[in-house]
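J.: Sequence:
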Amino acid sequence: MSLPAGQGILQLQLSSQPERIYHARRAHRKSRHGCSKCKQRRVKCDESKPHCLRCQKLNLNCSYEPTTSSSSSTDPEKTITRFLTSSPDSRAYNLAQDAVGAQLHDLLQLPQGASPALRVEALHHFYSLSDPALGPQAPQAEYQRRVIQLEFETPYLMHAIIASATSHLRYTTPAKHCTYAVPETHHWQEAITQYARELRTIGPHNMDGLFGACLLLTVRSFELDRSDPRASFVFASSRQHTATALTWLTLQVGLRRLLEATVPWQRASMWWDVFMASAAQDRGIFDVEEDDSRGRKLAGIDPTLAELCGIHAGSTPANNVYYEPVRMLSGLVRLPRGIRSFGAYTGWMGRLEPAFFERLVRKEAAALVVLREWLVLLGSVDLWWIGVRVRSEVQAINWFLEGIEGDGGGVDG
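Per the working numbering, the very first residue in the sequence shown carries number -11; after that it's consecutive.
Think of the hints as simulated: they come from the structure by calculation, not from any bench.
Just to be clear, a hint being listed does not mean it is correct.
[Said to hold, decoys possible] Below 30 Å or equal to it, Euclidean Cα-Cα: the simulated BS3-like pairs (lysine-lysine) are: (1) K27 x K45; (2) K37 x K25; (3) K27 x K37; (4) K45 x K25; (5) K45 x K32.
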């Protein structure tokens, strides 16, 4: 059984069944005597000397630190946990700050002399979020709990975590905009670059980190600093510019492609149970009933929208590109507005097919109206990284349909 297609960021629902907790290092004896490279990468070392087998296989420069007494050593996992669960003004936070900063410096390969202080602040901020900031509160807490098992051995995920936290800090403390803007941009760039590189070798060894980073990259693609309807894809002056300006939506299909590529190993994923629970919750919205008859196909679909999109009793996904988007949208309309339905809203965009995106690039009125109706639903979710995008795109579509042109040239047909 494969994971469901098209999950959006943090579409994680807690299962009512007892949770299968993922323990990354439960099965082996912990050692303090591994080589420096394995410690830095937080992976198990076989302690072969003069060079361990892992470093030989990866052609890394392998070396061992001088042996120290166990009483003077500190468990890095306990240090990280103590840091993340402490108040910034507490003694425990201050004691752990330097150690965590050193780990971040090594993991992220920061430039010589670069201070990790802001990254340390951002990391702590990410785990201290309690109000809904990335998604609904319970799924957000579940996501935070799970990625802590991966971040210190997955640089691109750590970059994405720090970038998203820095984005939120910049949003909530506008007086420090300049303080956060540069590192935010740097970490997003590193997250995207390293994530793209990691996609070349998808396997059971990296799928969990890829899933975690992919969810956070949705924040980056949606976020807008200010509303600018005339910068929307609908006012782009060429087909290429239109497609580029629409990437905030088309990128959401990325997780579906990732899920398709990891089918053989998905049951071993730390995300398996939460994705399955989410799929079960949304099954009535997105899945087609096998005994669906022609007489029932139009049930629940807005008649005006059906007429605009040419949907009738004989319509199918094969003969009408709008059938599935409108059918799924009709299910979303019946849900309670607001953050409770956030996972279902994001699931819609992850299930869109290339043929529908093509209609958007062509700026067909029916496609724009369908997208606008979905954006209005998404706008009922009060999340900082969504609101500006929704307002800007809805206004742009309204202007376009009314025949108002953008500053960048004429309206493409």
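J.: State the violated hints by number, sorted upward, taking the hints as numbered earlier in the document.
T.: none
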